[in-house]
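S.K.: Each chain, written out:
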Amino acid sequence: MTGNHAVAYGVRDASAEVVAAYPITPQTQIVEKLAEFVEKGEMRGRYIRVESEHSAMAACIAAEACGARSFTATSSHGLLYMSEMIFWAGLGSFPVTMAVVTRTLAPPWSIWNEHTDILSQRDAGWVIMMCESAQEAYDTAIQAFRIAEDERLVQPVMYGLDAFSVSHTAEEVDLLEKKDVEGYLPPLEPSRLRVYMDPENPGTFGNLVGPDRMMEIRHSIKEAFDRARVVIKDAVRDYEKISGRRQVGLIEEYRCSDAEVVMITTGASSGDAKDAADYLRDEGVRAGLVRLRVIRPLPREEISDAVKGAKVVAVVDRDYSFGYGGILAGELEGYIGKKMCRFVAGLGGRDLTPEDFKGIAMKALEMGEKGDVSKEIWWGLKG
Amino acid sequence: MSSVLTIKDLTEEEFTLPGNAACPGCAAALSLRIALKVLGPKTIMIVPASCISVIQGYYPKTPCRVPVLNVAFASTAAAGSGAVAALELKGKSGVKVLCWAGDGGTADIGLQALSGAAERNENMIYVCYDNEAYMNTGTQRSGATPRAAFTTTTVTGKLERKKSVPEIMIAHRIPYVATACAAFPLDFASKLKRAESMPVRGLKYIHLLSPCPPGWRFPAEKTVEVGKLAVMTGMWILYEWYDGGYNLTGPSKALLEKSRRRPLKDYLSIQGRFGHLKEEDLESLQRDVDEHWEEFSKKLGIRA
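Just so you know, the protein sequences line up as chains G and R, in that order.
Numbers 1 to 383, taken from our numbering, label the letters of the first sequence in order.
Numbers 1 to 304, taken from our numbering, label the letters of the second sequence in order.
Distance condition first, Cα-Cα at most 20 Å in a straight line; then the derived SDA-like pairs of lysine to any residue: (1) R:K92 x G:P202; (2) R:K92 x G:N201; (3) G:K233 x G:V154; (4) R:K92 x G:P199.
Non-contacting residues of chain G with respect to chain R, defined by C-beta distances greater than 12 Å in every case (computed): (5) A106; (6) G183; (7) A224; (8) G359.
Just so you know, the hints here were simulated from the structure itself, not pulled from any lab data.
Don't be surprised by glycine CBs; every beta carbon is placed ideally from N, CA and C.
Please model the complete structure; the sequences and the hints are all you need to start from.
M.R.: Dropping the structure here:
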């Protein structure tokens, strides 16, 4: 099945109770499949066919506030249109989960892959994960609920799927048994929610807060995120037990331990980068890869630990912040304690092949040897 | 459906407590008090950015004795939809969802979400308390501001007419649409009761005219008087629409004939927001009211 359908199956198997969704390419298959599940009675949940993404997230927030496990999916423009409510969910600690099929923002119009959309929401109080494959999309869809609803965290989780290379590419996907998921993901108890609308115990959520209290409210979310790494690791470990399949935690280390050059990537093209590392090793170059599965909380310590033996690191950003640079490179700069080369590649869905990653790794080695890694390189830019 | 509540039908129990942050003479606060007496404690309120978000006062205190979910400006009806879905799924069908939004949050920024919820016919009550401008931000014009009114963004008077959200809601063929005015609380209460007790599922919409002393520029003690004049001059018509037909309610029932209506000037002249109007402006606005009634009278008695 495709990555999109894998998400829908994961959401079904996680017994999501409210789905509120609006179509957008290349995400639409997720919400189409969920509509089919609900209409055919394969899912007990309610499906709200909202008129916009802003409304989709508003409905999910209110559903969570009334105790229902809720889900939506979107992409690029839909994500940005929803952005006000994304912050509302994060700052209000509503444990919604959302699949984001990463797609280039217009203008000019494009439906192809880029990560700038999901990274634009990185300050919203959400856990952010990235999937490499359809199987990981299915696994993440289930794990996301467990992570979001963990009483140590209770924050929303979004996870990215690269447009087309994950969303529309069919792979074999192992599904879990319902009873296994039930053991892994207990029903959402209202007592776990930070905000619960209960007429028996009425409270007001979200009324005015003055400067005397706001910092403390924000700090409580910061503390929840301090616990998020452990929550994610536990969710992954327990999922390994029920699935019998190895899971990646915060980062995936691929042939890093003895690598002289380590590439840092996220999302689908990490597979091509791994192939590149293999080819380079065949040619006698010790290359490795760190794939970020989790971007919030940013696993800085894990990354710096993984690259500690490398001569040089190459961060490959499929995103961009104008006047700043590649977003991930900027976030990691100063933390990984290594010479770091910054590559911007694959914007607007431009294909990235193992050959490209080989080139990137070799270029990084060359820059590292020359001792000057200051230049940001737009890989494959046509003259 | 002709039952009209009396004051004895309203519980003495209060669900919005005194000591809230409403301005003196606030009709929205008054009406919310009445509304919760009708709907009772098994009600979840959804409130967007509006005067009501200020009236609730500062966290961690609240005057509301029902659960309140504050949401972003444009999202009231969408959030209401999510709450309805969750409550139904959880088998809590006895809990009502009340969306309570201002005219900016309804006629302007929230209209898309409201239209979506109406088209899906979500099972909830939506009250727009209409004080005819963005009062919470200091009186800027909204789509619901009447023609000629001064606001801080229409300093020589608004050029355009008031948008009729009730008519937009009727076009969605939801089960129940009504107008009300805060100066006639029992008429409003009766309509809420009707909306609540209708056996048919779906969105019930009430558009409540809510006079605003600072925004409309009249003394705080004149809220009820101004509201009554809005109805008695025919500027604001009290009606219900259900089963495909319109009914006049309350004092509006007696105002079909022009001679029974007070001159519009009586309503306009006691509000500072119309203080800049010349005689010919008053005549022009009077013609608007008369034409509106003529148009409206054609709809009466017609049942689909």
